[in-house]
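Peer 1: These are the residues of each chain, in order.
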Amino acid sequence: MIADFFAALFGVTLALILAPFLRTLINRTKARMAGRQGPPLLQPYWSLARLLRKGAVYSTTTTWMFRAGPVVTLATMFGALCLVPFGGNPALLHFEGDVLLMAYLLALGRFFTILAALDTGSSFEGMGANREAFFSALSEPALLLGVAGLGAITGSVSLSGIYGRLGNSAFLGSHLPAMIFILAAFVIVYLTENARIPVDDPTTHLELTMIHEVMVLDHCGVDLAFIEYAGALKLWALGLLITGIVFPVSTGSFWLDAGVSLASMAVLQICVGLVESLMARLKMGRVPLLLGIAFVMSTLWIMWVVR
Amino acid sequence: MAFFLLLSLLIYLLSGLASLAMGRHPAWGTRIVPFGSAAASLCALIPVLYVLAGGTPVDLRAAWSLPVGSFHLHLDLLSAWFALPVILVSPIVSFYGTGYLRRHDRPRETDACGFFLQLLTGGMLFVLLASDGLLFLLAWEIMSMAAFFLVVFEHEEHEVQRAGWIYLVATHLGTAFLFAMFVLLGSRCGSFDFGDFDGLGGVADVVFVLAVVGFGAKAGFFGLHVWLPEAHPAAPSHVSGLMSGVMIKTGIYGLLRVMVLANDWPAWWGWVLIGIGIASGLGGVIYALVQHDLKRLLAYSSVENIGIICLGLGMSVFGVHSVGPVALFAMAGALLHVLNHAVFKSCLFLGAGAVIQAVGTREIDLLGGVQKRMPRTAALFLVACAAVCGLPPLNGFVGEFLIYLASYWSVLPQGLPSVNPRVGGFVVISTLALIGGLAAMCFTKVYGAVFLGEPRSGCGSSATDPGRDMSVPVTILAALCAVFGLGGSLLMLLVASVAARIHPLAMAAPDMAPLREASAVYLNVTLAALVLAAAVYGLWRLRDRLLAGRVVRTGPTWGCGYPHGTPRMQYTGSSFAQPIIAAFRSLLRSELGGDWPAGYLPGRSSFMTHTPGLFMHRFYTPLFAAFARVAVRMRRIQQGGTHVYVFYVVLALVAVLVWSLL
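Quick note, the sequences are listed as chains A and B, same order.
Each residue of the first sequence is one higher than the one before, counting from 1 in our numbering.
Each residue of the second sequence is one higher than the one before, counting from 308 in our numbering.
Don't take each hint at face value.
What the hints assert, rightly or not - Below 20 Å or equal to it, Euclidean Cα-Cα: the simulated SDA-like pairs (lysine to any residue) are: (1) B/Lys679 / B/Ser778; (2) B/Lys679 / B/Gly765; (3) A/Lys54 / B/Leu849; (4) A/Lys283 / B/Ala890; (5) A/Lys283 / A/Val187; (6) A/Lys283 / B/Phe891; (7) B/Lys679 / A/Ser59; (8) B/Lys679 / B/Ser768; (9) A/Lys54 / B/Gly856; (10) A/Lys54 / B/Arg852; (11) A/Lys283 / B/Ser882; (12) B/Lys679 / A/Tyr58; (13) A/Lys30 / A/Leu42; (14) A/Lys54 / B/Arg848; (15) B/Lys679 / B/Ala840; (16) A/Lys54 / B/Val858; (17) B/Lys679 / B/Cys766; (18) A/Lys54 / B/Val859.
Stated by the list, open to error - Far from chain B by the CB rule (all over 10 Å, computed), these chain A residues: (19) Val12; (20) Lys30; (21) Met33; (22) Tyr45; (23) Ser47; (24) Leu48; (25) Gly167; (26) Glu228; (27) Ile270.
Quick caveat, the hints were computed from the structure, so don't treat them as lab data.
No experiment lies behind these values; they were computed from the predicted model shown.
Ideal Cβ positions, reconstructed from N, Cα and C, are used throughout, including at glycine.
Please model the entire structure based on the sequences and the hints provided.
Peer 2: Set out below in structure tokens:
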């Protein structure tokens, strides 16, 4: 019990420290693919440090809602991080239906991000806000249904229970196709939720086609640092849901499990970087179709699991 | 205990009559209604709490002069649970209504409104207590008619007359089905007493269908919901709050009351309820998203929440035939959502009423920046918005959490022969998730367009927060949203006894231990919420600490280099809903129109969207038009001359004679 607690605490601490580094991995991959050298390894940390040292400019249109957005978003990400198991160990907080709390905490953060964007009265941010709201509404069923599929396979209704048992190879044989479809759905949800290509382009924010970046156009300094850090944590927390399926670990050795989890997280980010290098962003009208595909894939497990 | 119930009903009646009689002393007349309501609620609370705490059901029979039916009141766990929202919300709404109507300055209608408000509240309580078919229909009609007179408060306005008319027709069509249902039950069972309806007289399936249609018209099942988006905008805001938050739940109560009398719940009932849940939940939220009228939007959102309740009921039907806690969780979730929806929806309507009264319009796209002028109302409205989206730690999450949990349990491999619960759970999870996402979109639209940004028109430039008489009731409701959310565990314990004793469930899952466990599990959510609150506070302080002593300037919103933006160029509620209109084009059939800019130097241009209710537009309007055409033709036999009617009488007599001879 105590050991589990410290293991989970270790996982959360790792996430808090290493999460910004995931950006480096993605950006380095993209740079290598484009034949560039890429930013320094610790660039995200320097950026955060610089933002934290800045003053602020607030629009006269904004109210406390605008200031609450980044704070609530970061707080909800801390919460979500405490619910996701790391390295086959139970999460800091785990109970039946914890996935619901995780999904709805993300929704709470999104609710405030959207309202903060609308608080500026800017049409650009309104545009980003409504896309974020719409696309996340479409991706939510895929996530929750995918977890239900994993639950049906492993016989558990909590994230820690599910990911703890996935390491048992008994599930692999007959359920392999179901797992693959759930994984595919999760990858699409991952790219959507983290505002990556092919749904969103994280590198520019002055185009009308952007989603997440355009919502935080007016945020600066400390607020922007909070948002960037929350984004990195989200990349980590949702990433664990994917790496836990691909590399389910239960070797028994704590350090080995943690090492495998970290390595698989790095591989995941390199894959994201590869996707970004090899694909263009989808036309905005196509995104609902992509999310529809994710939803369909998250439903297909029923053919192997319920007979 | 029965004494308190009768006293409560009597207080409703007497205080209503007194408010009518006090017309000449408005100061007394307006006070008598809320205080009467509070006193009646307190009286009713005693037996309700007694029954919920495990006391024996309260039963009362009295003399009855009609040859059929009986005066039989019965307060069991189910009635007691549904009485909770009535008791809790109605006095709050009543106090708010006093302040609200004072600002309207229509003394005559105000007196009548007080009377009918008492009649509506008392009628709802009467419906929950009535344990005899005829008595139930009587109570049902009192409630429905009182609501009608409340809807037509501003009776000289054409729109209001139309809304009232639609409500009247809808509610009576529903009642017609209930008549048929009770007559069928009465003829089968030989009495109208609910106690004799055990097993539903062997015609459970027919009765179920009649109940779904009859009670569904009141509850606002999608397809039967057409009166909600008409009546709620027309009625005064506190009446909309009471009708939308509490009255429509009597429909759910009626349906459950009938279902409880059945020996068993066949699986197809579950599919019917889940189908209704999907249609109402998704249809309600999508239609809510595309509305321009604030109160009409809230009315559609009620349809959505009724859908969520139906999803829970449907899962519960499946759960009866499966092992594990599915039935119990789903039923408890549905019942909790009944209570929680009453709280946050009435809070939304009361908050919206305060805004509408201050700015003078219900049109979302004319508003903006209201938060700066009405900060208190805005904060309370935000709490209710987050609650209706089911966001933790507010109360909307509690019921949804249990329904989700039931669905997650139902997909687990349990070695069951039936696939119904597993496929049902699968469907419910995806529907609830989509509803949740779209509801978040809907209510960020409402809050963003109404309260944030800059004012889009001159509407309500001098708006301020309402006085204490209106803001205190809203504050109480918003506080209840938070309290019920944080105290979700206690609510689960309270509902456990109700859900576990609902008749067919009591056979499958006689104990409420799973719900006790779920309530312990929910403590984790409360814990997480407290940690979250601490984190928010800490981060806020951190930001303040970091920014202290640094340059913090203000300036205009960044317009990407374009300095001449006007408030009218902001994203409106309609723009926010545009992806929905595009994505669900075939379902919504929105009408787009206006003058498009043309030529090199375009002049004035305009754009409008309108989404008519599909059922009203494509089904009911043509149907009633066809009825009207037939009726016009029938008029030919109504000549108005006495000799013609004498001829008809003779004709009828001859016909009877011939028929008896044959």
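Peer 1: Give a verdict on every hint.
Peer 2: Now the hints, each set against the structure:
no. : hint                : verdict
1   : B/Lys679 / B/Ser778 : holds (16 Å)
2   : B/Lys679 / B/Gly765 : holds (15 Å)
3   : A/Lys54 / B/Leu849  : holds (14 Å)
4   : A/Lys283 / B/Ala890 : holds (14 Å)
5   : A/Lys283 / A/Val187 : holds (19 Å)
6   : A/Lys283 / B/Phe891 : holds (18 Å)
7   : B/Lys679 / A/Ser59  : holds (14 Å)
8   : B/Lys679 / B/Ser768 : holds (11 Å)
9   : A/Lys54 / B/Gly856  : holds (11 Å)
10  : A/Lys54 / B/Arg852  : holds (12 Å)
11  : A/Lys283 / B/Ser882 : holds (19 Å)
12  : B/Lys679 / A/Tyr58  : holds (15 Å)
13  : A/Lys30 / A/Leu42   : holds (16 Å)
14  : A/Lys54 / B/Arg848  : holds (16 Å)
15  : B/Lys679 / B/Ala840 : violated (24 Å)
16  : A/Lys54 / B/Val858  : holds (8 Å)
17  : B/Lys679 / B/Cys766 : holds (14 Å)
18  : A/Lys54 / B/Val859  : holds (9 Å)
19  : Val12               : holds (12 Å)
20  : Lys30               : holds (25 Å)
21  : Met33               : holds (30 Å)
22  : Tyr45               : holds (17 Å)
23  : Ser47               : holds (16 Å)
24  : Leu48               : holds (12 Å)
25  : Gly167              : holds (18 Å)
26  : Glu228              : holds (14 Å)
27  : Ile270              : holds (30 Å)
Checked against the numbered hints above, the structure breaks only hint 15 and satisfies the rest.
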